[in-house]
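Top to bottom, those sequences are chains A and B. Under my numbering, residues 90 to 509 are what the first sequence spells out, in order. Under my numbering, residues 90 to 509 are what the second sequence spells out, in order.
Hints are supplied without guarantee of correctness; some may be wrong.
If several chains are the same, the list does not tell them apart, and a pair holds so long as it fits within one copy or across any two.
[To be verified] List of simulated lysine to aspartate or glutamate pairs, EDC-like, C-alpha gap at most 16 Å: (1) K297 - E109; (2) K201 - E468; (3) K305 - E286; (4) K108 - D418; (5) K305 - D491; (6) K297 - E214; (7) K297 - D189; (8) K297 - E403; (9) K201 - D465; (10) K201 - D491; (11) K108 - D439; (12) K297 - D316; (13) K108 - E286; (14) K201 - E449; (15) K297 - E474.
To be clear, the hints were calculated from the coordinates, so they are not data collected in a lab.
2 protein chains.
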Amino acid sequence: MSILELMSALGRSARASSKELARASTAQKNAALAALLQQLKADQSSIMAANQHDVDQAQAAQLHDAMIDRLTLTPARFASMLQGIQQVMDLPDPIGSVTDMTYRPSGIQVGKMRVPLGVVGMIYESRPNVTIEAASLCIKSGNACILRGGSESMHTNQALASPMGHALQHAGLPIECVHIVPTTDRDAVGQMVRMPEYIDVIIPRGGKGLIERISKDARVPVIKHLDGICHVYIHHQANLNMAFDIALNAKTHRYGVCNAMETLLVDAAIATRALPPILTSMHEKGVELRGCLRTHSLFPELTGLATDEDWSTEYLAPILSIKIVDGMDEAIQHIATYGSHHTDAIVTDDLPSAQRFLREVDSSSVMVNASTRFADGFEYGLGAEIGISTDKFHARGPVGLDGLTSLKWIVIGQGHVRGS
Amino acid sequence: MSILELMSALGRSARASSKELARASTAQKNAALAALLQQLKADQSSIMAANQHDVDQAQAAQLHDAMIDRLTLTPARFASMLQGIQQVMDLPDPIGSVTDMTYRPSGIQVGKMRVPLGVVGMIYESRPNVTIEAASLCIKSGNACILRGGSESMHTNQALASPMGHALQHAGLPIECVHIVPTTDRDAVGQMVRMPEYIDVIIPRGGKGLIERISKDARVPVIKHLDGICHVYIHHQANLNMAFDIALNAKTHRYGVCNAMETLLVDAAIATRALPPILTSMHEKGVELRGCLRTHSLFPELTGLATDEDWSTEYLAPILSIKIVDGMDEAIQHIATYGSHHTDAIVTDDLPSAQRFLREVDSSSVMVNASTRFADGFEYGLGAEIGISTDKFHARGPVGLDGLTSLKWIVIGQGHVRGS
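Excised from the complex, chain A in its bound form (with noise of 0.2 Å):
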């Protein structure tokens, strides 16, 4: 069988069973969910042996470290997998929820019914908690799902297939509602990315390289995650000693994450009051600090200098790049051209700088005297996170149950025609 005939052959019973999966109710999806986290359980040993299989191939083919760190599955992680299933049982179900209901003046009512999207296609990288974490949304909100993991960590992958079917199988669904792609040929990839037909919407999880190249073939919309090159503007109305803390808890807390600040933005007024405290701890902290001119010149012991290309570029790393600038035109401009419409905080007392920064800066999250670490779906509320949008069509920002699925119109008359 070629790789267009079997992934044609995945997607289109993935859409056949995806309506039986829209019909489901909540119980019988928890239920799923239940036999799931129990069959896991149960199947424990063997999935960390397929798990071990993998961890000593990539050791074998000398893959980075940070690629065999995320492949393990350490006993701790196994449970936080088996944790996961259960908040997302816990959490309620979208699928069928009414709003907006009201009367027309024709005399129908009108309003909204939340409904599953059809089929979601994962395509990701080493991690093998994500083909649970995918599935179990996936379940819940009623959607099919076509999970193309790493080809690195394949072994483990199957292993998690026989307990998914058993689980399906248990609360009375079709094991078609969940595939795990059978092979790792880099084809797959490109053949679910052009299949609008049995495919509604592609997730990537991974590194950037690898959303543009999807995106780039892409036939089906994308939800894109690129880069988070996160801003923490320092306006002169700031309480300093909340610029400090906020500063230092973007930058430092954790330094790989998309929601880390990778420059600061200071207004030069007050730059020689709050620049001190926050350039000191970050130095002591063993952050590599890039100032512009002006920051380098009246810190040179602190700073080396930034080039044009610090100022857009994503670290991931204990790098930071400093700018002083003359006011809020100026630091508004400056995320305009260099950020990544990912996260963007102001800190000021100020209430119309407030209003203006929260209106004007385009990006998905635009926050106020916070730090930009809380941008994630868990700290939103929203119970889960199947990805993070860097686009405004359909969703933006971290993306939980709701942007796997639609809202359908609904009417109810009582025997109401259209006149002329």
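Starting from the known structure of chain A, arrange chain B on it as the hints suggest.
What follows is chain B alone, placed relative to chain A:
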């Protein structure tokens, strides 16, 4: 200048000006609309002359009557175009509205703010009033737009460009917020749908052929509106007077519209009571009736025989296909197999049946005891309709101003930082 260069230049300037329009106040956007209304009034005679030029050319080129009719701006249509602007002015401004602002356990407040998508590309045929309608809706929703009308209405559209530019300038907005593509070259369309860097969404208005062509080539999200194969299903517990009214209205109120009924489904248990008055009245109104085998054998004097092709045809004409079904399973199955996920209605007095139909029929509008003709942005209270989506991604069914917007997350703290 090549078409590629021309379209890139339009795209770049639309993208740049969209940022200014996104920040514009409600008053400023309404001022632009008011000025547009006034200027169109002032320029009416020159616009009508340009339109006459298009109509003369269309007649000389022997375009078919329906197209010439759509192309022609009568004084009544001109007046209704002006009225449309007034309606958009009267709509609430969706931009900047904040919803769902709640406190999270961490202490931050999280909510959503409505923002423009950015740049909208409209591709449409003949009707020049779409130019003004689309521009008004885009201005109100803070989106720049690139409007590509049919080549047959080129003179009219170019005559509309000058009052448009005047109105934007009058309101202090960049005239590049609205571009009317100044070429009839077909490659312009091909370029528009492949510029995701400059255009955020493409909305085609026109026949299925145009929309399929555009979707096939598009690298920009498209709000697609394909077939409207709408069903009315008369359940065996229907009020038969209601069923009669709804069936007649859904079919005969207007024939050439996407929300007209194309297939009538009737439960076998009531077919001999429900069908005679309906078929007789349809017949009297000149509707050609094509029945399934059972229908045809019951009413051979009224109905021809429907072929399999009938079930999947959007007639847009006084033709109706009729099928007798053995209950709701078969009705829902028929709709799933042959429908176009546009609008489908059940007539029933049985609550569980109504609930099941609403939940299980996967169409953008699902109705109980109401005519399919109600599927319309104005009837739903959207105030205006920029298009109708038969997709599920982003927007489904009638699309109003909100469909041209996205939601960004806003976070407000008092110095909150994220803990471990």
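Check your understanding: For the identical chains here, do K297 and D316 meet the 16 Å Cα criterion within one copy, between copies, both, or neither?
Key -> Cα proximity of K297 and D316: one copy only (7 Å, versus 37 Å across).
Point to revise | Intra/inter-copy verdict for K297 and E214 if alpha-carbon distance must be at most 16 Å | key: within (12 Å within a copy, 39 Å between copies)
Review point. Given identical chains, is K201 near D465, meaning Cα to Cα at most 16 Å, within a copy, between copies, both, or neither?
Key: Between copies only: 14 Å across, 27 Å inside.
Practice item. With 16 Å as the alpha-carbon cut-off, assign the pair K201 and E468 to within, between, both or neither. Key: between (27 Å within a copy, 14 Å between copies)
Practice item. If the cutoff is 16 Å on CA atoms, where do K297 and D189 land: within, between, both or neither? Let me know, please. Key: Intra 38 Å, inter 31 Å, cutoff 16 Å: neither.
**Study point:** Alpha-carbon proximity context of K297 and E109, limit 16 Å
**Key:** neither (35 Å within a copy, 29 Å between copies)
Exercise for review: Since the copies are identical, ignore which copy is meant and state whether K108 and D418 lie within 16 Å (CA to CA) inside a copy, between copies, both or neither.
Suggested key: Classified as between; 14 Å across copies, 51 Å inside a copy.
Practice item. Since the copies are identical, ignore which copy is meant and state whether K108 and E286 lie within 16 Å (CA to CA) inside a copy, between copies, both or neither. Key: within (14 Å within a copy, 35 Å between copies)
Check your understanding: When no copy is specified for K297 and E403, does a C-alpha distance of 16 Å or less occur within a copy, between copies, both, or neither?
Key -> within (11 Å within a copy, 44 Å between copies)
Check your understanding: Can you tell me if K305 and E286 fall within 16 Å by alpha carbon in one copy, between copies, both or neither?
Key -> For K305 and E286, the Cα distance is within 16 Å only across copies (12 Å; inside one copy 18 Å).
Practice item. Could you figure out if K297 and E474 sit no more than 16 Å apart (CA to CA) within one copy, between two copies, both or neither? Key: neither (18 Å within a copy, 37 Å between copies)
Check your understanding: 16 Å Cα cut-off: does K108 pair with D439 within a copy, between copies, both or neither?
Key -> Neither. Shortest intra-copy (52 Å) and inter-copy (24 Å) distances fail the 16 Å Cα cut-off.
Checked against the numbered hints given earlier, this structure breaks hints 1, 5, 7, 11, 15; the rest are met.
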